[in-house]
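So the protein lines, in turn, are chains A and B.
Anchor point for the first sequence: position 249 equals 249 in the working numbering, and the numbering is continuous, going up by one each time.
Anchor point for the second sequence: position 260 equals 260 in the working numbering, and the numbering is continuous, going up by one each time.
Hint data in this document are derived by calculation from the structure and do not stem from the laboratory.
Glycine residues also receive a C-beta, built at the ideal position from the N, C-alpha and C atoms.
It cannot be assumed that every hint is accurate.
To be verified - The list that follows gives simulated cross-link-like pairs (lysine to aspartate or glutamate, DMTMM-like), each with its CA atoms no further than 25 Å apart:
1) B:K369 - B:D308
2) B:K426 - B:E347
3) B:K209 - B:E60
4) B:K292 - B:E302
5) B:K346 - A:E20
6) B:K430 - B:E259
7) A:K227 - B:E397
8) B:K346 - A:D72
9) B:K426 - B:E302
Unchecked claim - One side only, chain B facing chain A, incomplete, derived with CB under 10 Å:
10) Y210
11) V212
12) V341
13) A412
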Amino acid sequence: MSATTTTAPAGRDSRMDGSERWIQTLRDITGGSAMISVLAVLFALVVGAILIAFTNERVQETAGYFFSRPTDLLRAVWDAVAGAYSALFQGSIYNFRATNFLTAIRPLTETLTFATPLIAAGLGVGLAFRVGMFNIGGRGQMLIAAGAAGWVAFAVELPAGIHLIVAILAGLLGGAIWGGIVGLLKARTGAHEVIVTIMLNFVALYLIQFLLRTPGALQAPGSNNPKTPAMAATAVFPDLFGPRYNLHAGFLTVVAATIFVWWLLSRSNLGFQFRAVGQNPSAARVAGINVKNVYLYAMAISGALVGLAGINQVLGTVTTGFGSGIDAGIGFDAITVALLGRSKPWGIFAAGILFGAFKAGGFAMQAAEGVPIDIVVVVQALIVLFIAAPPLVRAMFHLPTPGTSRKPKIRAVKTRQTNEVVAK
Amino acid sequence: MSTLTQSSAPASTPIVKPAAQIRSWKIPITFGSFAVLSLFLFVVLGRGLRGELSTFRLSEGRDLIQLPEVALPTFATGVFVAVVLVLMAAASAWLVYRHTKIPIVLTILFALLFLVGFLAWAASGSTIPVPGLLIGTVTLSAPLIFGALGGVLSERAGVVNVAIEGQLLAGAFSSAVVASATGNPYLGLLAAMVAGALVSMVLAAFVLKYLVDQVIVGVVLNVLVIGLTSFLYSQVLAPSANLNSPDVFPRLNVPFLSEIPIIGPVLFRQTIIVYVMYVAIALVYFGLFRTKWGLRVRAVGEHPQAADTVGINVNRTRFIAVTLGGVISGFGGAYFTLGAVGAFNKEMTNGMGFIALAAVIFGQWHPIKATLAALLFGFATNLQNVLGIIGSPVPSEFMLMLPYVVTIFAVAGFVGRSRAPAADGKPYIK
Numbered sequence: 001m002s003a004t005t006t007t008a009p010a011g012r013d014s015r016m017d018g019s020e021r022w023i024q025t026l027r028d029i030t031g032g033s034a035m036i037s038v039l040a041v042l043f044a045l046v047v048g049a050i051l052i053a054f055t056n057e058r059v060q061e062t063a064g065y066f067f068s069r070p071t072d073l074l075r076a077v078w079d080a081v082a083g084a085y086s087a088l089f090q091g092s093i094y095n096f097r098a099t100n101f102l103t104a105i106r107p108l109t110e111t112l113t114f115a116t117p118l119i120a121a122g123l124g125v126g127l128a129f130r131v132g133m134f135n136i137g138g139r140g141q142m143l144i145a146a147g148a149a150g151w152v153a154f155a156v157e158l159p160a161g162i163h164l165i166v167a168i169l170a171g172l173l174g175g176a177i178w179g180g181i182v183g184l185l186k187a188r189t190g191a192h193e194v195i196v197t198i199m200l201n202f203v204a205l206y207l208i209q210f211l212l213r214t215p216g217a218l219q220a221p222g223s224n225n226p227k228t229p230a231m232a233a234t235a236v237f238p239d240l241f242g243p244r245y246n247l248h249a250g251f252l253t254v255v256a257a258t259i260f261v262w263w264l265l266s267r268s269n270l271g272f273q274f275r276a277v278g279q280n281p282s283a284a285r286v287a288g289i290n291v292k293n294v295y296l297y298a299m300a301i302s303g304a305l306v307g308l309a310g311i312n313q314v315l316g317t318v319t320t321g322f323g324s325g326i327d328a329g330i331g332f333d334a335i336t337v338a339l340l341g342r343s344k345p346w347g348i349f350a351a352g353i354l355f356g357a358f359k360a361g362g363f364a365m366q367a368a369e370g371v372p373i374d375i376v377v378v379v380q381a382l383i384v385l386f387i388a389a390p391p392l393v394r395a396m397f398h399l400p401t402p403g404t405s406r407k408p409k410i411r412a413v414k415t416r417q418t419n420e421v422v423a424k
Numbered sequence: 001m002s003t004l005t006q007s008s009a010p011a012s013t014p015i016v017k018p019a020a021q022i023r024s025w026k027i028p029i030t031f032g033s034f035a036v037l038s039l040f041l042f043v044v045l046g047r048g049l050r051g052e053l054s055t056f057r058l059s060e061g062r063d064l065i066q067l068p069e070v071a072l073p074t075f076a077t078g079v080f081v082a083v084v085l086v087l088m089a090a091a092s093a094w095l096v097y098r099h100t101k102i103p104i105v106l107t108i109l110f111a112l113l114f115l116v117g118f119l120a121w122a123a124s125g126s127t128i129p130v131p132g133l134l135i136g137t138v139t140l141s142a143p144l145i146f147g148a149l150g151g152v153l154s155e156r157a158g159v160v161n162v163a164i165e166g167q168l169l170a171g172a173f174s175s176a177v178v179a180s181a182t183g184n185p186y187l188g189l190l191a192a193m194v195a196g197a198l199v200s201m202v203l204a205a206f207v208l209k210y211l212v213d214q215v216i217v218g219v220v221l222n223v224l225v226i227g228l229t230s231f232l233y234s235q236v237l238a239p240s241a242n243l244n245s246p247d248v249f250p251r252l253n254v255p256f257l258s259e260i261p262i263i264g265p266v267l268f269r270q271t272i273i274v275y276v277m278y279v280a281i282a283l284v285y286f287g288l289f290r291t292k293w294g295l296r297v298r299a300v301g302e303h304p305q306a307a308d309t310v311g312i313n314v315n316r317t318r319f320i321a322v323t324l325g326g327v328i329s330g331f332g333g334a335y336f337t338l339g340a341v342g343a344f345n346k347e348m349t350n351g352m353g354f355i356a357l358a359a360v361i362f363g364q365w366h367p368i369k370a371t372l373a374a375l376l377f378g379f380a381t382n383l384q385n386v387l388g389i390i391g392s393p394v395p396s397e398f399m400l401m402l403p404y405v406v407t408i409f410a411v412a413g414f415v416g417r418s419r420a421p422a423a424d425g426k427p428y429i430k
């Protein structure tokens with residue numbers, strides 16, 4: 001995410017001589033956003049380490065006789081923290097203990113697998129943020145999309161390839177409808193999207209639960225469990241690097257979605273309208289933009305993107321049939337991903353991969369070291385919190401403030417933009 | 001709400017809102033949809049229920065004053081309700097056509113009638129325990145109401161509070177731990193308030209001092225609290241059970257008042273948490289609208305520049321209001337552990353904070369209205385429980401869905417563009 005948040009170089013004077021420019025550059029780098037991001041990650045990891053150490057049994061034991069043998073405590077702390085973080089790293093990026101490269105690199109593909117739905121849903125939430133709306137309806141949109149895509153995938157018979165595409169389209173449509181309802185209600189009646197998305201989460205949950213236990217709908221034939229049958233092989237995302245890795249072609253759809261959102265927001269006419277409405281709906285209306293339509297389109301596209309996460313879950317990750325817990329909390333995680341990525345497509349892409357790494361590594365850490373995966377959630381939250389508050393990080397590490405003269409103005413504008421989200 | 005947009009429209013943006021004098025058909029349309037729904041449910045689907053009786057039990061066995069059970073013929077009641085609802089929808093359309101304001105009484109009457117019809121239809125052939133339904137409503141609403149009050153207080157001061165979920169969860173966690181460790185549930189309540197206050201102080205510090213986007217901080221604080229409490233639960237509480245077994249507050253009967261038919265059991269046979277809730281609702285309402293401090297809080301939330309000009313310290317006022325909001329929300333968190341379950345569990349608030357947030361918006365940032373909205377959600381939750389026991393004529397999932405669908409309709413039809421405090425979510429930079 002550092003790449004997306006780098007500040008534009010401050011307008012420097014050409015009169016600056018070499019050394020001055022060097023100092024200014026150094027100030028920009030150390031005080032700038034890239035540095036802040038790195039420090040935020042570091043600091044979050046330190047807090048996580050403290051939590052791991054404090055709750056470690058061995059550490060608590062050795063702390064009892066700290067004054068007689070302090071090295072025991074220090075060693076216990078080191079063992080706990082280093083063990084946990086090395087497991088986290090080896091579970092998410094590269095496994096040093098593996099015998100050959102192809103096995104050693106497997107964690108990285110796991111990271112990308114976990115990142116896939118996070119990126120898709122993050123793009124959806126981020127897009128809504130850019131239009132000044134807060135989409136907490138990820139759960140409902142994912143469930144509906146998963147239901148639609150899943151039904152096409154196991155109940156319809158089509159040739160390979162076409163089947164997959166039809167299933168994806170069905171899922172996208174499902175997500176778009178579920179999100180579009182929100183946009184439509186907001187546009188036509190002014191209903192607040194926060195309420196409607198939360199309510200639609202429940203409606204979708206119960207709808208899917210009903211379909212899952214209704215024979216002929218989503219329930220597997222001959223079964224009493226609220227679970228669908230397995231997806232047809234023709235409608236499943238193929239593995240990207242063969243059967244030894246879990247990574248599937250769904251990742252490519254997410255890359256495509258990221259490019260699409262980037263194109264939409266920064267190159268298309270509609271995207272310009274989106275951003276204009278997000279910054280100031282009244283000004284956009286005066287400028288001739290149909291704000292109501294923008295709300296509708298934005299929520300529909302947002303819903304479709306979040307739906308893509310649900311599609312990836314049922315056609316890529318869990319192809320053996322799914323229950324009503326298929327969303328796996330991704331709809332809510334996506335909010336954090338979108339915030340960390342600052343609602344920019346490639347920022348969200350990077351943030352999604354980071355969070356995917358945390359998820360993959362977290363499971364490995366829990367299995368290997370017995371450290372609950374929840375610590376990962378804490379670290380993620382702290383990262384976003386610190387990245388969102390550059391002045392705090394600067395104050396903590398005594399960093400200089402880049403471009404001091406223009407900072408307050410920019411910050412004021414920025415907060416106002418993002419605040420449109422709830423201050424409607 | 002139509003009146004609000006009408007009155008504000010010509011003053012601010014006369015060009016882009018020519019709709020100022022146009023009739024708003026929202027309420028008739030909403031009434032109409034519900035009337036059609038009731039025709040379908042009670043008359044078309046209800047045909048099969050001819051001859052069935054729906055019984056409403058109005059008293060509990062231990063009440064002093066026993067009210068007789070009311071048995072209504074299901075189908076006839078349904079037809080009667082549906083017809084009256086259709087007539088009321090027509091009346092509202094006529095009122096709008098005549099440019100007359102639709103009286104609020106009509107809306108309330110409409111909602112009550114629909115409810116009676118719905119309950120009669122759902123309970124065909126069985127008995128609905130009305131006091132039980134309402135007692136559970138008040139109990140289940142308690143955390144929502146506390147959360148909503150905390151949210152109202154914070155947002156009235158101009159700080160968007162998405163962190164209600166985190167405040168509730170922090171309150172639940174710390175009350176369980178402290179109450180178990182000390183053996184004193186009252187200390188648990190205190191700990192819940194402190195925990196809620198701490199969460200909102202972090203919110204306030206980031207928002208007021210570091211000017212971070214308020215929604216971001218709120219969302220992140222939720223995640224942080226969920227992560228922290230889950231982590232500590234797995235690492236500390238799960239291995240040693242004696243840290244997670246607080247005493248649950250018993251239900252206390254208020255003498256005399258608890259013997260009033262229906263109202264008595266519903267309002268005055270509750271735990272101390274609910275009694276504190278009554279006080280909290282009154283205090284927040286009184287504090288916000290009847291005291292100098294409340295006027296300042298609202299001023300800071302509506303127009304911080306103006307407030308600053310007359311010498312109010314904007315950020316300090318906001319800080320205090322947000323912290324107080326956290327105290328209230330945190331107290332509500334204690335309901336989960338000390339009022340209901342008797343042990344902390346991972347993510348046990350289960351999205352209640354977000355529903356409380358919805359109640360804040362639904363209740364138009366007003367403590368009493370937000371309380372009513374929270375009660376509606378509590379009623380919805382409890383209706384699911386009651387109907388789950390007595391069984392219902394349609395698949396239970398649709399019954400479970402209905403309250404949320406009704407809320408969407410209500411938000412779209414009646415509330416509409418609910419107006420947040422003008423400076424809600426905007427940092428104040430001198």
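Outcome of the hint check:
| no. | hint | result |
| --- | --- | --- |
| 1 | B:K369 - B:D308 | 29 Å, violated |
| 2 | B:K426 - B:E347 | 30 Å, violated |
| 3 | B:K209 - B:E60 | 54 Å, violated |
| 4 | B:K292 - B:E302 | 15 Å, holds |
| 5 | B:K346 - A:E20 | 55 Å, violated |
| 6 | B:K430 - B:E259 | 57 Å, violated |
| 7 | A:K227 - B:E397 | 16 Å, holds |
| 8 | B:K346 - A:D72 | 33 Å, violated |
| 9 | B:K426 - B:E302 | 10 Å, holds |
| 10 | Y210 | 4 Å, holds |
| 11 | V212 | 5 Å, holds |
| 12 | V341 | 20 Å, violated |
| 13 | A412 | 4 Å, holds |
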